[in-house]
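Enquirer: The residues making up each chain are set out below.
Number of protein chains: 2
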Amino acid sequence: MRRSIATVSVSGTLAEKLDAIAAAGFDGVEIFENDLVSSPLSPEEVRDRAADLGLGIDLYQPFRDFEAVGPDALAAGLRRAEHKFAVMERLGARTLLVCSNVSRDAVDDDELAAAQLRLLAERAAAHGIRIAYEALAWGRHVDDYLHAWRIVRMADHPNLGTCLDSFHILSRGTDPGGIEAIPGEKIFFLQLADAPRLAMDVLQWSRHHRCFPGQGDFDVAGVVGHALRAGYRGPLSLEVFNDIVRQAAAARTAVDAMRSLIALEERATAPATAPTGFAFAELAVPAPERLGELLTALGFARTGGHATKPVELWEQGRARILLNATAREGTSLAAIGLETPDPGGAVRHAEHLLAPVLPRHRAPGEADLHAVAAPDGTELFFCRTDDPAWRADFSRPREAPGGEITCLDHVALAQPRHQFDEAALFYRSVLGLRPAARVEFADPYGLVRSRAMAGPGDAVRMVLNIASVGGGGAPWQHVALASTDIVATARRLRGLTLPIPANYHDDLEARFDLGPERHRLLRELGLLYDRDEHGEFLHLYTATYGRVFFEVVQRIGGYRGYGTAGSHVRLAAQHDGPYP
Amino acid sequence: MRRSIATVSVSGTLAEKLDAIAAAGFDGVEIFENDLVSSPLSPEEVRDRAADLGLGIDLYQPFRDFEAVGPDALAAGLRRAEHKFAVMERLGARTLLVCSNVSRDAVDDDELAAAQLRLLAERAAAHGIRIAYEALAWGRHVDDYLHAWRIVRMADHPNLGTCLDSFHILSRGTDPGGIEAIPGEKIFFLQLADAPRLAMDVLQWSRHHRCFPGQGDFDVAGVVGHALRAGYRGPLSLEVFNDIVRQAAAARTAVDAMRSLIALEERATAPATAPTGFAFAELAVPAPERLGELLTALGFARTGGHATKPVELWEQGRARILLNATAREGTSLAAIGLETPDPGGAVRHAEHLLAPVLPRHRAPGEADLHAVAAPDGTELFFCRTDDPAWRADFSRPREAPGGEITCLDHVALAQPRHQFDEAALFYRSVLGLRPAARVEFADPYGLVRSRAMAGPGDAVRMVLNIASVGGGGAPWQHVALASTDIVATARRLRGLTLPIPANYHDDLEARFDLGPERHRLLRELGLLYDRDEHGEFLHLYTATYGRVFFEVVQRIGGYRGYGTAGSHVRLAAQHDGPYP
Chain C
1 MRRSIATVSV SGTLAEKLDA IAAAGFDGVE IFENDLVSSP LSPEEVRDRA
51 ADLGLGIDLY QPFRDFEAVG PDALAAGLRR AEHKFAVMER LGARTLLVCS
101 NVSRDAVDDD ELAAAQLRLL AERAAAHGIR IAYEALAWGR HVDDYLHAWR
151 IVRMADHPNL GTCLDSFHIL SRGTDPGGIE AIPGEKIFFL QLADAPRLAM
201 DVLQWSRHHR CFPGQGDFDV AGVVGHALRA GYRGPLSLEV FNDIVRQAAA
251 ARTAVDAMRS LIALEERATA PATAPTGFAF AELAVPAPER LGELLTALGF
301 ARTGGHATKP VELWEQGRAR ILLNATAREG TSLAAIGLET PDPGGAVRHA
351 EHLLAPVLPR HRAPGEADLH AVAAPDGTEL FFCRTDDPAW RADFSRPREA
401 PGGEITCLDH VALAQPRHQF DEAALFYRSV LGLRPAARVE FADPYGLVRS
451 RAMAGPGDAV RMVLNIASVG GGGAPWQHVA LASTDIVATA RRLRGLTLPI
501 PANYHDDLEA RFDLGPERHR LLRELGLLYD RDEHGEFLHL YTATYGRVFF
551 EVVQRIGGYR GYGTAGSHVR LAAQHDGPYP
Chain V
1 MRRSIATVSV SGTLAEKLDA IAAAGFDGVE IFENDLVSSP LSPEEVRDRA
51 ADLGLGIDLY QPFRDFEAVG PDALAAGLRR AEHKFAVMER LGARTLLVCS
101 NVSRDAVDDD ELAAAQLRLL AERAAAHGIR IAYEALAWGR HVDDYLHAWR
151 IVRMADHPNL GTCLDSFHIL SRGTDPGGIE AIPGEKIFFL QLADAPRLAM
201 DVLQWSRHHR CFPGQGDFDV AGVVGHALRA GYRGPLSLEV FNDIVRQAAA
251 ARTAVDAMRS LIALEERATA PATAPTGFAF AELAVPAPER LGELLTALGF
301 ARTGGHATKP VELWEQGRAR ILLNATAREG TSLAAIGLET PDPGGAVRHA
351 EHLLAPVLPR HRAPGEADLH AVAAPDGTEL FFCRTDDPAW RADFSRPREA
401 PGGEITCLDH VALAQPRHQF DEAALFYRSV LGLRPAARVE FADPYGLVRS
451 RAMAGPGDAV RMVLNIASVG GGGAPWQHVA LASTDIVATA RRLRGLTLPI
501 PANYHDDLEA RFDLGPERHR LLRELGLLYD RDEHGEFLHL YTATYGRVFF
551 EVVQRIGGYR GYGTAGSHVR LAAQHDGPYP
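Going down the list, the sequences are from chains C and V. Just so it is clear: in the first sequence, position 517 is 517 by the UniProt record's numbering, and no numbers are missing. Just so it is clear: in the second sequence, position 526 is 526 by the UniProt record's numbering, and no numbers are missing.
To be clear, the hints were calculated from the coordinates, so they are not data collected in a lab. All residues carry an ideal CB built from backbone N, CA and C; glycine is no exception. Take the hints with a grain of salt, since some may be wrong.
Said to hold, decoys possible - Some but not every residue of chain V turned toward chain C, in silico, with C-beta under 7 Å:
id	residue
1	Ala15
2	Leu36
3	Met200
4	Arg246
5	Pro444
6	Ser468
7	Asp507
8	Tyr559
9	Thr564
10	Ser567
11	Val569
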């Protein structure tokens, strides 16, 4: 499919937008009128620049408030249209988007609308231009795509077709199945945008919360499928605007946008194979001693040292932590190892989704590890399921000890606010994870937004957090370890856990009646508690090391959450403690 | 009136919140439960700390999902309540806020709700505690304050009353007049919050968009008036949360909060006297030469030099610009002179509203100028209307020349994003200006939010802008000069104006039919054009000097706006030009 994007979807001047869009590999653009109006480039210069960059100008948009009006407004509208046709000829644009009228002056009269659009199409035809009529979700009388199509059909002019926009269709909760009843050649254009489900005024929702397919809650792929089955063969064109995209770097947004289109097309053909588990988490540390003490207290053993690098391997059951003593600054979570049946295929899939493949610095005899970089800089290594051959890189590796900690339950990564949607789409599309609902919790100095995602059978769980905290962002990342006996783990950790206020346990006792003995134990060991309809959750946090802390969790029954009811207590205690 | 605030309304740990709230002069606090739960301070320590700071603990909140439930849930609720009563006794809190049940398990049965609340009030009475029952706007069955009051009346227990919250009442569009039918002694508590009018889910609206009275669109003063007429004599207590307040500095928020309460009380008694005009705008400049050239081209003359400071006075008609050559960095708009009938009264009024009064550095014989600092650092000088006695401070002042520029039309100030509401409340309450609707316009690298405010007869107009642009904020401030003949002004300014793209004039010609001659003139002189139902607006911009540029405007007829239709064109051109 031809891939296009509206210039309004990336930031900058029109020239900067075209450069970024071409660099990300798009085939064409929609020229958003205000981008041209505020540009010092003439339409001819824009046309030539786009051509030099290999971009077609697939659409000029939007033309507003034209149809279903009185004679004076019609005359003014036709005059305005002739000016725009002239601009389009100078640009070399052949299709004009006409949005359904939102003016209070518009009349509720489909026949009038059809007759006037037919007139517009006749005028357009004289310039070799086509009119694509679109129902805005907040159109005065026409706010449904099938209504727009009925008017187009009634007008019956070869230069008049309809434009479909996934946001306008899905935001109204309309069934997109009706698209298949529209002849493909009468769908002149298909605009794609996703959005989170929000209960708010649809115009504000559209202006501030559109996002790229796969970043929101809409079934954009479903709309594409219907359009293709209807016979549509035009571009898949992204039209996205939100407060973050408006101020993000154009080049980065354009790559994110292209990734969303690739993932969208892929969903129908070759869905990602989700990882089957965590192979390891790698921490960059200035020196391994302090974390070594903590890991020892957690029941881990140092099972090997890397043959050629200052990297230690620590293990307990299938939980593996690498301490890489090459960090110049504080401790951070640098890499995640993921088990997958086909590491080579996984990295090719990631590369297809525009993930930068990391150069392999491999000493002779070392394992051939495939790795890519996530947008937040985290390195993702793909390792073969149930075949930790990479352990052979470590000299004298010995057997991992058994203990109550059995594996990694999840990892939580902090994202810059402006890259949350981008990161969510990346992990979702590259790793084939399924996102859960967005949640929010309070930090003493701001608000944290969080979204968990998990693969089939919860074999791999990840949590993405963004924080707007006191001007900066809470920098914490964490690794959660699954314990089969958190009481035993907690006893061994005494003095190394995050102190939990007595007020928390007073409140817990008010909220839950767990019996005096259990409450006493939770209080004594500083354990947090939660439950849902599936089961119970006990957890604790360690002190923080640079940007990183560990969580120990015990899931009892089928508890599905992450203990976010206690997150505000954790954050307050963490702010109280040492902070890099 | 006693002034209180909920701890959730400022950021930080509970200890930090109490300090900031006391420093701003509040009499009491509502303890928000999560603030206590996450605090390492015991309830006794919180009680003692508040007492040491002179703060009463007026309310403990919230207690949720209690009433109108089955027997098991009732037993659990009473058990939970006993735990909370114990905490309240340790805190020394005497009133508990109970919110209407939002749980799906709640039954729609007022008699059951009343009976169970009566039971709760009996238990509370044994501890000397009162229950204040409040209708949440999103309560399952009780979402209206009069409904909550009917249940309270039915329960008929001296320790049970109602709590009113302006947000919950006004967000539902309910008539607050019914408050007066409630006996004052049964209104146990009054919570105040404002909010911008938004069409969105009321729970999200409440969580993310509450603001202090005077910052939003609600008639909070009306609610207070009804409560006072009903006989309410308890605290006026602010309960505000939004994404910005959560991360702002606690001390600053607490002052902003206190200002909102003072202004609220004042609105009923002694409203502000709005300025009658601009006396001057003062620019801090590194050196006056370049701006002197511009002002000369604009038709200004240097009419005097300050006797003791490196300040030049430039005048044309009643438009006066001071160039103060003490800036270490680039040019900025440092001060605004406002004419008012009673400068001394104006500064006392500003001080009452917590504006810092600036020390007067007055040489012998110099005019006694009263000045305060706005939250954004702008200095506001109050000068006597029609009595520019301060001109005498300038040596050899000569007569101001006449010309087509007659006065300052408006000044526009850039605000940091996190201080927009604070600044709006400050200028509104201190200067008695009336805010207009919020507008937004696109910048190539972000979005600008703007709010104009004006005094009676538009004698003083100000525009506050915030920009979220490429991680930073667009720093521009500007002074708009009113011209009676902008064509003449533009001809003299050639080469010093901001270049406007030809595409803008092509689009203007498509949108408006002003005749070929007028369009040619607008295009030739780089003038922008707008109109509304009252009249027409012609304007132009100068080049930018440091953070500052000038706008020249000509209002024809009764045009009321600020030409924001062209703002995106201006911003794109400004980004193209030299930028500090």
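Enquirer: When the hints from earlier in the document are held up against this structure, which numbers fail?
Expert: Hints 1, 8, 9 and 10 are the ones this structure does not satisfy, whereas the remaining hints hold.
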